Amino acid sequence: MPREVRDVVFVDGVRTPFGKAGGMYANTRADDLVIRCIRELLRRNPQLPPERVEEVAVAATTQIGDQGLTIGRTAALLSGLPKTVPGFAIDRMCAGAMTAVTTVASGIAMGAYDVAIAGGVEHMGRHPMGEGVDPNPRIIAEKLVDPSALVMGATAENLHDLVPHITKERTDAFALASQQKTAKAYANGKLQDDLVPMSIRDAEGAWGLATVDEAPRDTSLEKLATLKTPFRPHGKVTAGNAAGLNDGATASLLADEATARELGLPVAMRLVSFGFVGVEPEVMGVGPIPSTEKALRLAGLSIDDIGLFELNEAFAVQVLAFLDHFGIADDDPRVNPWGGAIAIGHPLASSGVRLMTQLARQFAEHPEVRYGVTAMCIGIGMGGTVIWENPHWTEGNK
Amino acid sequence: MSALAAPNEVVTKALLRQVNVPGLDRPAALITLDNGFDHTKPNTFGPAGLTSLDEAITAALAADPAFIAVTGKPYIFCVGADIVGLPQLADRAQALEIGRLGHRVFARLRDSTVPTFAFVNGAAMGGGLELALHCHYRTLSGGATALALPEVSLGLVPGWGGTQLLPNLIGIPAATQVIIQNPLMQNKMLKPKQAAELGIADVLLEPADFLERSLEWAAGVVRGQVTVTRPEVDKDMWAGVLYFARETLNQRLHGAVPAAYKALDLLETAKDGDFAAGTAAEDEALADLVFSEELRSGLYAFDLVQRRAKRPAGAPDKGLARTITKVGIVGAGLMAGQLALLFARRLQVPVVMTDLDQSRVDKGVGYVHTQIEKAVTKGRMDKNTAAKLYGLVSGTVDKGSFADADFVIEAVFEDLGVKKQVWAELEKIVSSEAVLATNTSSLSITEMAAELEHPERVVGFHFFNPVAVLPLLEIVRGERTDDATLATAFAVGKQLKKSSVLVKDAPAFVVNRLLTRFLGTVFAAVDAGTPLDVANSALDPLGLPMRPLALLQLVGPAVAYHVGGTLHAAYPDRFGVSENLRRIADSGQPIVVDDQVNAEVAKLLVVGDEPLTAEQVRQNALDALAQEIRLMLDEGVVAEAQDIDLCMILGAGWPFHLGGVTPYLDRTGTSERATGRRFLPRGAASLPA
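In order, the protein sequences belong to chains U and C.
Residue numbers for the first sequence follow my numbering, beginning at 1 and rising by one.
Residue numbers for the second sequence follow my numbering, beginning at 1 and rising by one.
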């Protein structure tokens, strides 16, 4: 049976404000964070009949407790979606939500369904990295992977070893710029519209409302220089030039383009290509380089065609390695114009959709840009890249 | 203030936080009510809790917030005044003060120039709902269970503004329903949708993101983007509605519940809308009622139902209970059908009904199926549950199908010989440990078990009609019933969601014995020549749920005559046999038609020429009750007078304002006159000495 591949569009995306582990979400359930996002997505798009959602993919790295129980399905039920809407849980560590998007996009493209929700959640306060893991002893016995590969900060130090020209000063400067760009974006109201206010409860039992990210901080190069290097004595990776441990959730709406137009749903981005590639787990930070090369190759594009980059800042060194590889300056205005995970935070499996949501808003502000990239490094040695086309691109409309 | 300190108050703290709400240029003040426990111990207001709220409001206003909102802890907003503390108030002046304190603190939310909101996230009763009524606006969660002003059911009035605010918000007909009618109808609660439709809340929001949406809605109101419209209250119908409500009360209660009448008076005051005068009247009413016998009885009854009913006195160790995996029911009549449905629904195990022939079995199973269908049609049961119940309930003429049942209950004809024959036959089929339960209302459990090989597994399991409605289960221990059997019976009772009371094997147990004795005096008066109307209305001042003849009609004259016979055989000097009752039973005619004594029945009676006055009938009836209860306690039929009261409340629907019955007998001096002493110490269910 012959069939056509259909165009997939990113309709809308939202996220909770990101919290610091042990911070404002200490008494909030992980599933409630993502449920809140799903409900808000549906509320912001009233023209979408809930029963038209035909799949809900929710990512979480640690799928136990309030992040377990096939969270895509339970979150769909608890969000008030009809019981006929299925869902599943998905995991690719930091690229969980990104993989949720590419997976449902694949389903849409091949015609399995028309509209889907993809998102992610990570409550690192409730589920610290590595909770309940049981690595296969062969990893050590057969020297398959260096044990440091399981400690993300250690992999970032390993990466520094391979790119000695990226100094600690350079990573700190990049980190400071991230904080400053985020502060400016907040001041200019760029980030707020993505945020879903979330009810929170403190230790005493009082209710409150989370409306802004908890992690951004006012810092300086001097302060950053004084921070400890917990992953290696006299190392280069600090809490200041890496993303923190965070709690948060995201959700996005994807659709077949024709269906989106039929339902009157906004088209924020059009999916062009995506690629995931494995690298040495000990230096997982280089992952986005080959995955971006692959996605570009599949799209028939070159790096020069990309007008905007949303790169996940797991570690400054890993972003700088990417920029160096592609010959892009550290302060190139196309890169993370509103800052990144170093300031905003990186609740592992949820971050992929945050990159997309921000790229979508930048597309709307930059009709001169045709293509944008969202990319991130992934634990156990992988990179993931999604290339998007700007539907507001003016050249195309001429 | 210190004079009001309640030593055992579980303090509900008012926790204030500044909250930034998108779209507002300055923070809002969000006050959370939380007593530090989970939802099983709900928030309540005592003096310290009110003071905490007062302080929170002061601090909130000091910060000049965009608005002030009050909400609760998960599942609970606030369930009202701390009633446990009420009997500890030393005097009327203190009772006045607690009323005034609540009014003063709540009024700050009403008088505030900053907009105030209640986000009713969960259960809101009494003072909790009154707090919400003082706020300028209310959001309500669709997940909020238990919305009510239940004060009148206990013997109080909504005394923190409820009687003044509610009628002026939702109109007098609905307010009368919420404040007076619902509390007197087994304390009926409002569902969130009903409450919103009545206008108690301005907006009903889904529970999933209730607080977020409430804050957003409040911000919309403050910014003028959300307009709140409320229908105008019709003042013209005020007097008419209250007149009708008063007439209805008179017909039902004959003045027996002072709280209900005080509530009516307060609703009348509310018409003019002079809030200060209205709340002052509430304070006076509250203070009067706190020092009323009816309230003390009500609090006692409330405690019985809330606590004692859940921990039955004398029940053996729970650990001895056996697991029930299959239930057998002997008989397929109406009672058997009710039992089959109840057991299948609550125990979720196979239930097999048997009877003598297939057509009776089919009829019994058919009854159960019809009830399930009705429940589904009315939306009270989902299809999956119905499908499960259809599969669980079956019928057969072959008692062999009881072989693997762990619990067999009989509901056959009330005849000792018949029942003994049933058990003898069953003992050959079931295991030696299977519990044999009897739903007899008057026969001896000990005698029924006497000739069995294993009499220790026979237990009385006496339900009240209608089985699905009345919560009481009298669990009767025969002389040889063992602890494992009894523990199993209590465990099953709990699973059936019944309140079990342990009763000794004595004729007619508790409720039927007392009602029979009580009705016996009424019929004795009729036999002596008292007009039916006079005898029938003689007990009106008690405010019982129904008059004697209506009760007789509900029980069925034939059943009453039969139970009366059993009791007459046991205690011939106290339980007479009324030939007139037999005549009524034989005639098959209804005794009461449209609440009036049936003249045709009156013609059947053969009576003497020594009529009693209503006063005499009442005194005889109460004296008889007191004597019988004293005898029952002396015989050890139940552990304590509290169990008698629990039985009368849950099995006969006797009202809270009587405390069941013994507090009323005590406070009217009946106990001392008829038995020489009180049932309960002064202060336990009555005003202190």
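Don't read these hints as lab results, they were simulated from the structure.
Predicted model only: the values in this text are computed from it and were never measured.
You may find that some hints are simply not true.
[Unchecked claim] From chain C, some residues computed to sit far from chain U (all C-beta separations above 12 Å):
1. Q18
2. P27
3. D202
4. D357
5. G543
[What the hints assert, rightly or not] Covered stretches of chain U, as calculated for chain C (at least 3 residues, CB under 8 Å):
6. 74–80
7. 145–159
8. 259–271
We treat Cβ as the ideally placed atom computed from N, Cα and C, and that holds for glycine.
For each hint, the structure was consulted:
1. In this structure Q18/C is not separated from chain U by more than 12 Å, as the shortest Cβ-Cβ distance comes to only about 8 Å.
2. For P27/C, the non-interface assignment is contradicted: its Cβ lies about 10 Å from the closest Cβ of chain U, within the 12 Å cut-off.
3. Against the 12 Å criterion, D202/C stays outside the reach of chain U, whose nearest CB is about 19 Å from its own CB.
4. No Cβ of chain U comes within 12 Å of the Cβ of D357/C; the nearest lies about 45 Å off, and the non-interface call holds.
5. Against chain U, the non-interface label of G543/C holds: every CB pair exceeds 12 Å, the least being about 42 Å.
6. Chain C is given as covering the stretch 74–80 of chain U, and this holds because 3 residues of the stretch bring a CB closer than 8 Å to a CB of that chain, at least three being needed.
7. Given as covered by chain C, the stretch 145–159 of chain U fails the check, having 0 residues with a CB less than 8 Å from a CB of that chain where 3 are the minimum.
8. With 0 residues having a Cβ less than 8 Å from any Cβ of chain C, the stretch 259–271 of chain U misses the three-residue criterion, and the hint is violated.
Going down the numbered hints, you'll see the structure goes against 1, 2, 7, 8, while the others check out.
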